[in-house]
Amino acid sequence: MFNFLKKGLQKTREALKNKFEDLFVKGEITEEFYDELEEILISADVGVETSLRINSMLREKVKDSKIKETEAAKSLLKELIAEMMGSKEDITLRVPVSPPAVYLLLGVNGVGKTTTIAKMAYSFSKEGKKVLLAAGDTFRAAAIEQLEHWAEVTGAGVIKHQTGGDPSAVIFDAVNAAVSREADVLLCDTAGRLHTKKNLIEEVKKIYRVIGKVVPDAPHETLLVLDATTGQNGIAQAKLFQEAIPVSGIVLTKLDGTARGGIVIAVKELTGIPVKMIGVGEKKEDLHPFNPAAFAEALLA
Amino acid sequence: MLFSGLSEKLQETFRKLRKKGKLSEKDVDLALREVRLALLEADVNYKVVKDFVASLKNRAVGADVLQSLTPGQTVVKIVHEELVKLMGETQSKIAAPGHGNSPGAIMLVGLQGSGKTTTAAKLALYLKKNGSNPLLVAGDVYRPAAIEQLEILGQGAGIPVFSIGKDDPVKIAGQALQEAERNGNNYVLIDTAGRLHIDEELMGELQRIKERVVPLEILLVVDAMTGQDAVNVARSFHERLGLTGIILTKLDGDTRGGAALSVRQVTGCPVKFAAFGEKIEAFEPFFPDRMASRILGMGDVLSLIEKAQEFVDQEKSRELQKKLRNQSLTLEDFLEQLQQVKKMGPLENLLEMVPGFNTMGKNLKNLSLDEKQLYRVEAMIKSMTREERQQPEIINSSRKRRIALGSGTSVQDVNRLLKQFEQMKKLFKQFGALEKGRFRKKRGLFPFK
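Chains as they are written, first to last, in the numbering used here: chain F, 19 to 319; chain A, -12 to 436.
Mixed in with the good hints there might be a few duds.
Subject to a maximum C-alpha distance of 30 Å in a straight line, what follows is the list of computed DSBU-like cross-link-like pairs (lysine-lysine) [said to hold, decoys possible]:
(1) A:Lys266 with F:Lys216
(2) F:Lys215 with A:Lys266
(3) A:Lys369 with A:Lys406
(4) F:Lys92 with A:Lys34
(5) A:Lys197 with F:Lys301
(6) F:Lys223 with F:Lys148
(7) A:Lys34 with F:Lys223
(8) F:Lys231 with F:Lys216
(9) A:Lys266 with F:Lys257
It should be emphasised that the hints constitute simulated quantities derived from the structure, not laboratory data. Because the structure is a prediction, the values reported are computed rather than measured.
Given the sequences, and given the hints that come with them, work out the whole structure.
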């Protein structure tokens, strides 16, 4: 994944290279170093509060390990950020003992839920798994057609109703179909919804409940799709969705642009939700497991 | 409410400042630090924040602030002015199409998922409502079902959609222009595929569309939730295409929307429209001054006044204003006022527009001004005699019992109403003071003490 990220972030790095090199090659660790570090973190959408906290944690580590050089501090910082993003178990998708594995995807409008589902479908199909898609976005015009297109490309089956239908009903049918057709994986698409819309949050709660009615320990993953360009509002999104249903992980999309997606650090700190996958492009292959070390590297590269 | 997060933050800053009376330079620094933090938390780009705070400082440590009797007020005024300046002082409109039958082309560009397709339909409907005859063009040939999406949206809004399927977007745009000429459409709205600003190939495609259609407007569609990267995106699109304006989307969420400031600053292009919601009507012109007021928690007074003018009898309201000033408000006026307020729509929406409502919101909740309550209040006042309405002081317990019986309420309800009326009178008294510019007396009402 490191290479993909690196490739995706090349532009950013080129644009900002001089600056980061200035910061980290300077030699002696000074107050200025910490100030600039704060600026770099803030410019990556880490947020003021979390940036300050990372800064003070780094100060402590630097003091404890008696480090004097910025180059060594940089390595410490990368370790620190990778550590904050969670352990290996935290970031692996949960697979139930007996199939189907039911994964529910949700998020605000335009973050890339449907595209992420397509990519997941592709990667599971490639592993030889039988994949079903649930067309739970019954709201947006042509959302079902979009999902059907991807089903065709990836060879997955689609369970759909009509635009304007009840999403819980589609999902209910889909989970039942997944069980009776002995599918390995069911991927549930949902309509984009702002976390502030009460009725839409109620709707997602209902979807969650309905899934559990058919398969008791499902959904096995409830993934919040977060756009890497999102700023501090990402925190509110994660918090409010988590208040409604237990969100188990984040898919961070659109990392192939110049945004570095630093908001997920703050989200992890404040909600404990780990990033599990990243999206780095529009092609069906462009989804990868999350790698904390590579993420930290790219964030500060 | 748009930007409410930022306004609360700034209000908090100035509440602290206000307590001090006269300010030292150090105090100003402290306030500016909080302005900086608030803006950063609102996702304004850190470089933009730096420049903004620096420009504030020059003005804020100036003699007028330090010598001002109301330094908090003065600082707020400065911040407000600078914010308005930053967002482009006046409201911007869509350029008018030329004469004859050559239609004006409008290109909508932006990252994936910023809301271009929905916005295209919204803008088309907006133009149609304003007497234009737009043609929508399905130019997103990459995203699966994007063409179908625009066709469905166009159909719903009664706006023609031009599409020749998945072809070269440059060719589609060219043919759309001819089609518009034939059909007499005066605007051609071209939806384009979402693309990354660093995607050389697709950015080149946009340039070719631009060369082909020579657009009146190239509008960048920006998600209001965008963080620090908004400046990179806006700058790249602007450098490649020469943007003419910005449309800010998804403002119906709780995002603080600092991207609006950033994008405006790096491109110099005005934000022309604000979109907030999935309904196709949820679209309106962007008002920089109103937005700046909202950022500062001063409420959207202009919108309130506009609404009021729509519904309120001018003659009566002039009379009322006089009464408010003389503090001779009676329950009769109160009743009349309630009836007019009811005509203006949901109370909650109105109150959000009132200056300082954010800060006094908690106190006002005790007044429990919900809609049903209004009907009961109306009933109670109607059960009073004329004398009682004009001199509520004379209402004794026997009168209260009669009023309660007459209106189907209880004596407690009547008591509550009388108390609320007293509070209301006090509130209006404070508004009166505000009007005369005696800012220091209205503690607890206006956000900046």
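A quick look at each hint next to the structure:
no., hint, result
1, A:Lys266 with F:Lys216, "holds, 16 Å"
2, F:Lys215 with A:Lys266, "holds, 13 Å"
3, A:Lys369 with A:Lys406, "holds, 17 Å"
4, F:Lys92 with A:Lys34, "holds, 23 Å"
5, A:Lys197 with F:Lys301, "holds, 26 Å"
6, F:Lys223 with F:Lys148, "holds, 27 Å"
7, A:Lys34 with F:Lys223, "violated, 40 Å"
8, F:Lys231 with F:Lys216, "holds, 23 Å"
9, A:Lys266 with F:Lys257, "holds, 25 Å"
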